[in-house]
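Asker: Using the hints, position chain L against chain A.
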Amino acid sequence: MSFESALPEQDLIKGCTLNDRRVQELLYKQYCSSMMVLCKSYAKNEEDAIEVLQDGFLKVFQQIDRYDARKSSIYTWMRTIMIRTAIDFLRRQNKKNVAIEWKEEHDPGIEAEALQRMSAQQILYMLQHLPATTRAVFNLYITEGYNHREIGELLKISEGTSKWHLSEARKYLINSLKAKERA
Amino acid sequence: MNKRHPYNNIIERKLEQLPGADAAHLWNDMHAILDKNMPQKKEKRRIVAWLFNDKGLLFLTTASIIAAMSSLFFLSTKENSTNSIKKIVTVSPDKFIEDEGEKISESSKENTRSANESDSKTNNNLAATAPLTSTFSHAIKNNLATKQSEKYISKNQLRQSIQATISNDKEHFHIAPFGLMTSHKDFSIATNYDKEKLSLNRQLKPVANKVKAIIRDNNKNGLYTGIISGVDLSSIHFHAARTGATKGLIIGYAFNKKWSIESGLFWDKKRVYDDGSYFKPPGYTATSGITIVAVNGKSRLYELPLNIKYTIISGKRSLFATTGLSSYFMRLENYDYEYLQNNQPGGHNYISYKNETKNWFSVVNFSIGYSQKLGDIGNIRIEPYLKLPVKNLGTGNMPIMSTGLNIGFTKPLR
Numbered sequence: 001m002s003f004e005s006a007l008p009e010q011d012l013i014k015g016c017t018l019n020d021r022r023v024q025e026l027l028y029k030q031y032c033s034s035m036m037v038l039c040k041s042y043a044k045n046e047e048d049a050i051e052v053l054q055d056g057f058l059k060v061f062q063q064i065d066r067y068d069a070r071k072s073s074i075y076t077w078m079r080t081i082m083i084r085t086a087i088d089f090l091r092r093q094n095k096k097n098v099a100i101e102w103k104e105e106h107d108p109g110i111e112a113e114a115l116q117r118m119s120a121q122q123i124l125y126m127l128q129h130l131p132a133t134t135r136a137v138f139n140l141y142i143t144e145g146y147n148h149r150e151i152g153e154l155l156k157i158s159e160g161t162s163k164w165h166l167s168e169a170r171k172y173l174i175n176s177l178k179a180k181e182r183a
Numbered sequence: 001m002n003k004r005h006p007y008n009n010i011i012e013r014k015l016e017q018l019p020g021a022d023a024a025h026l027w028n029d030m031h032a033i034l035d036k037n038m039p040q041k042k043e044k045r046r047i048v049a050w051l052f053n054d055k056g057l058l059f060l061t062t063a064s065i066i067a068a069m070s071s072l073f074f075l076s077t078k079e080n081s082t083n084s085i086k087k088i089v090t091v092s093p094d095k096f097i098e099d100e101g102e103k104i105s106e107s108s109k110e111n112t113r114s115a116n117e118s119d120s121k122t123n124n125n126l127a128a129t130a131p132l133t134s135t136f137s138h139a140i141k142n143n144l145a146t147k148q149s150e151k152y153i154s155k156n157q158l159r160q161s162i163q164a165t166i167s168n169d170k171e172h173f174h175i176a177p178f179g180l181m182t183s184h185k186d187f188s189i190a191t192n193y194d195k196e197k198l199s200l201n202r203q204l205k206p207v208a209n210k211v212k213a214i215i216r217d218n219n220k221n222g223l224y225t226g227i228i229s230g231v232d233l234s235s236i237h238f239h240a241a242r243t244g245a246t247k248g249l250i251i252g253y254a255f256n257k258k259w260s261i262e263s264g265l266f267w268d269k270k271r272v273y274d275d276g277s278y279f280k281p282p283g284y285t286a287t288s289g290i291t292i293v294a295v296n297g298k299s300r301l302y303e304l305p306l307n308i309k310y311t312i313i314s315g316k317r318s319l320f321a322t323t324g325l326s327s328y329f330m331r332l333e334n335y336d337y338e339y340l341q342n343n344q345p346g347g348h349n350y351i352s353y354k355n356e357t358k359n360w361f362s363v364v365n366f367s368i369g370y371s372q373k374l375g376d377i378g379n380i381r382i383e384p385y386l387k388l389p390v391k392n393l394g395t396g397n398m399p400i401m402s403t404g405l406n407i408g409f410t411k412p413l414r
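Heads up: the protein sequence lines correspond to chains A and L, in order.
Residues in the first sequence are numbered from 1 upward in steps of one, following my numbering.
Residues in the second sequence are numbered from 1 upward in steps of one, following my numbering.
The following block holds chain A by itself, in its conformation from the complex (with noise of 0.2 Å):
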């Protein structure tokens, strides 16, 4: 007797390749909490996280015949079309807005040590304070290892922009985390 922690892939993604509501469900009820976390933390608020989370499963579901198993795990393939679709939506929020070039500053740095004793809702909540764009930035840098030239492709930004969103992301988190350390 063995026990594993994963359902078997290719039956999900074999069923949801046949549009089979059963194992559609099968795989958003695996995945959804992990794809919400993830979502929440480009949102702004969990109203548009939801959007964000129903949008990019409308998008696994649709393209889930392209996934190929060879190349990345479902998780990661997923994952990666719930960023793609929240810089979606992201854009789609920000249309109106010219895109501006920022130049370079200096990367400032952030204790280890204070993001530690912050909880999980804190560091949620001071993420999603932050403005769109800069959110989006700080999360495709930290969480996700993009670097800038990546960042600037999916975000249509220039590589410098996208440096200023980041340094205006640690620059916020450190206020914030200097303001809780004063609390």
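Just so you know, these hints were derived from the structure itself, not from any lab.
The beta carbon of each residue, even a glycine, is placed where N, CA and C say it ideally should be.
Certain hints may be false.
To be verified - If you only want the chain L side, here are some residues facing chain A, beta carbon under 10 Å, derived:
#, residue
1, Lys14
2, Glu338
3, Gln372
Answerer: Below, chain L without anything else, positioned relative to chain A:
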């Protein structure tokens, strides 16, 4: 990829601690979105859909079994009428012909005598009996020929027919002697009787040969083997059937044209769904606050059937029914179960067992089938079946019942 900062992991881990979403509630919205953006193919026509749902499958299986039982009953009543002749011909066709010939000739003799006694003025018994015996021969030949063509020869029917012929001809026979003037009371009909018997034997010899051939055909026995493959629909008490498959080898021994015994080895793939009511793997105890709400099971197993086969209608196209027991030997069992924790979605767990259980004679098989002879190559057959458990099966201890359709090919080993 960038050179990651030491606090990246901290943020990730912290965010993972956030409470999960209400997946069930969100799925309802997602379902609506999917229906709008990715509609499923148009539902199958109602009756077809109904036939393939749980109730429909139950109905089809029950209807098939009732039809088979009715056929058995109907054919058994028909068989009763043919049993008597079978008994005769099984013992000795020659004896049967001889006996019948003697009876006929005895009747002829008696009738002739009674006619002679009633009218002692007969001077030409031979002439008088000749048309009658000729009529008898003709009657027997006609009777046997007709019945042979139907492959059934009834002794009673034959006798009745002969007697009817005799009684009809009696009238002619009674009338005929009145017109004759000569009287030879002690005229012996012995010569006539011997000639009659010889004539009957000659006439019935080809019929006897045909009867012998039928007996040989009826006693057809021997080994046969074949392959089988089919679609399997398994469920727990006909609730939410899941599609699986079966394939395997069969071997059988035919005792005669009607009865056979069959066994073999099947490779089955079964899928089942349970709402948590029956799923009880060993060592599982319901933890407080945790409720299993859905189980999707997938098993790969060896099936060892032992069935009795009865051929209801035999011939080039035959109808048969089988019943017996199957043993299940589980090779691989995978169970994915979903649970609620304090009435909130708890998540999934996935359990896998290998070669864990052997369920000896744990399933009762019923099937009816249609078989078509393909010349000397063999037989092809289509066989809907129903498999009912006599005890709970597999590591999940679930009463898995199956229905489905097997298509097979068999070939005699001789």
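Asker: Now, for every hint given, state plainly whether the structure supports it.
Answerer: Now the hints, each set against the structure:
no., hint, result
1, Lys14, "holds (4 Å)"
2, Glu338, "holds (7 Å)"
3, Gln372, "violated (34 Å)"
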